[in-house]
Amino acid sequence: MGLTPRPEPALPSGQESWVTTKLDFLVNWARANSLWPMPFGTACCAIEFMATAASDFDLARFGMERMSFSPRQADVLICAGRVPFKLAPILRRIWQQMPQPKWAISMGACASSGGMFDNYAVVQGIDTIIPIDVYVPGCPPRPEGLLYGIMLLQEKVKKERAADPTLRNEMDPDPKSQLYIPPSVIDELSEPFGNSVHQTRSGL
Amino acid sequence: MSTPFTPYVAGSALGGDAAAPATQRHVPLHGGDANPSAGALVHQFGDAIRGVHVVRGETNVLVARERLLDVVRWLHAEPSQRYEYLSDVTAVEFRDPEQPIEVVWHLRSIAFRRFLRVKVELAPGGPLEVPSVWEVYKSADWMERECYDMFGIRFAGHPDLRRILMWEDYREGYPLRKDFPLRGRFSRSEQLRQALAADPEARYSMEELSVADAFEDLPDDMRRRLRAGEKAGE
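Taken in order, these protein sequences are the chains called A and B. Number 118 in the numbering used here belongs to position 118 of the first sequence; there are no gaps in the numbering. Number 42 in the numbering used here belongs to position 42 of the second sequence; there are no gaps in the numbering.
It should be emphasised that the hints constitute simulated quantities derived from the structure, not laboratory data. Please note: incorrect hints may appear among the correct ones.
Stated by the list, open to error - DMTMM-like cross-link-like pairs, simulated, lysine to aspartate or glutamate; straight-line CA separation at most 25 Å:
id	chain 1	residue 1	chain 2	residue 2
1	A	K86	B	D96
2	A	K176	B	D169
3	A	K86	B	D179
4	A	K176	B	D179
5	A	K176	B	E146
6	A	K86	B	D160
What the hints assert, rightly or not - Take a look, some chain B residues computed to stay more than 10 Å from chain A by CB distance:
id	residue
7	P4
8	P7
9	A19
10	R73
11	R162
12	R183
13	G184
14	S189
The beta-carbon is built from N, C-alpha and C at its ideal position, and this holds for glycine as well.
Start from the sequences and build out the full structure, keeping to the hints where you can.
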């Protein structure tokens, strides 16, 4: 299939110089404090996202007030809401149009796992389409939850090292199947859990 | 190109001394006064009207499939009926597989303040095909496409019968049918593979895809104004 497992980040080797690490620090500090979000709001989570951006919670404190409605000028894709299968190729294309460095936040239960929509129309976890950095749980998450997720992402950005060869791995999908993780893993991730196990599979 | 627009005024055909509409209280589940259009339909079409039922104060008329288009045309054009508005096209499949699938049209007469539900029964095992009412009500276009997408009912005479909610090469069947499993028929990885293989732009017709492509088809004066750089709404 030509599919490879997601690469593990390389550990520091001890050979990085003072200049490199300080440059990393400077670049990461600048990036972490000016993440431009690409809001991909598909459902009610987007309402909470708007509340996060509004004056009470004020996303601008994190340097994120500039919503980028074009993926080509965005740094972090925030998928807020459920993703139907019909939207999957569109989300994939938007992710591929975003230039590196880029990150992704999956906001809410539906985007992260399909949530309560264990049915024929909804993708069971956005990470079967694009790689995700931070998952924010909740249905929908409170703005504080999203802010915490953003702060976690900032921590992640601040720990990046330019010497890490796996850092900007684009994780291109398999050209034949368009999947970037093996089908067996997708089936395993999409297994029903909790109450949804007991749903009737057929109405007859 | 514009057509003169005459607004439909609610209750305008009832005359000036008609009582103001009031919300009815304590509506019985079955029985009550039928919509006067039902009696007129029985008088006009006779045996083609298979039954008239009043449920919760609303009138359901069961029509033979062959005469459906005649009935709808008559309801639309007849000055004493004036059903100007088609508010829904949908279908019902019952849990009992012996019961027929019903296709339902919701018609509304604004001028007479009347509501009529027209039904056609499709016998189990028979063809799932009914005539399209698109030539009478243009609003039936997307509603019939949705009904086809969800139930697999074919509307004969529809100009563009494609799937509308699911993507066009969706191959798992018709999701609202009783024999359709809730999670779909294929494995999740196969569903995702098929979904990702779809071309996002292929689902739109040419008119929806781009206004620029349709530039040559626009009226002359509009093209002239667009060339001069005029923007809409200025």
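Numbers of the earlier hints that this structure fails to satisfy, in rising order: Result: hints 1, 4, 5, 12, 13 and 14 break, sorted rising.
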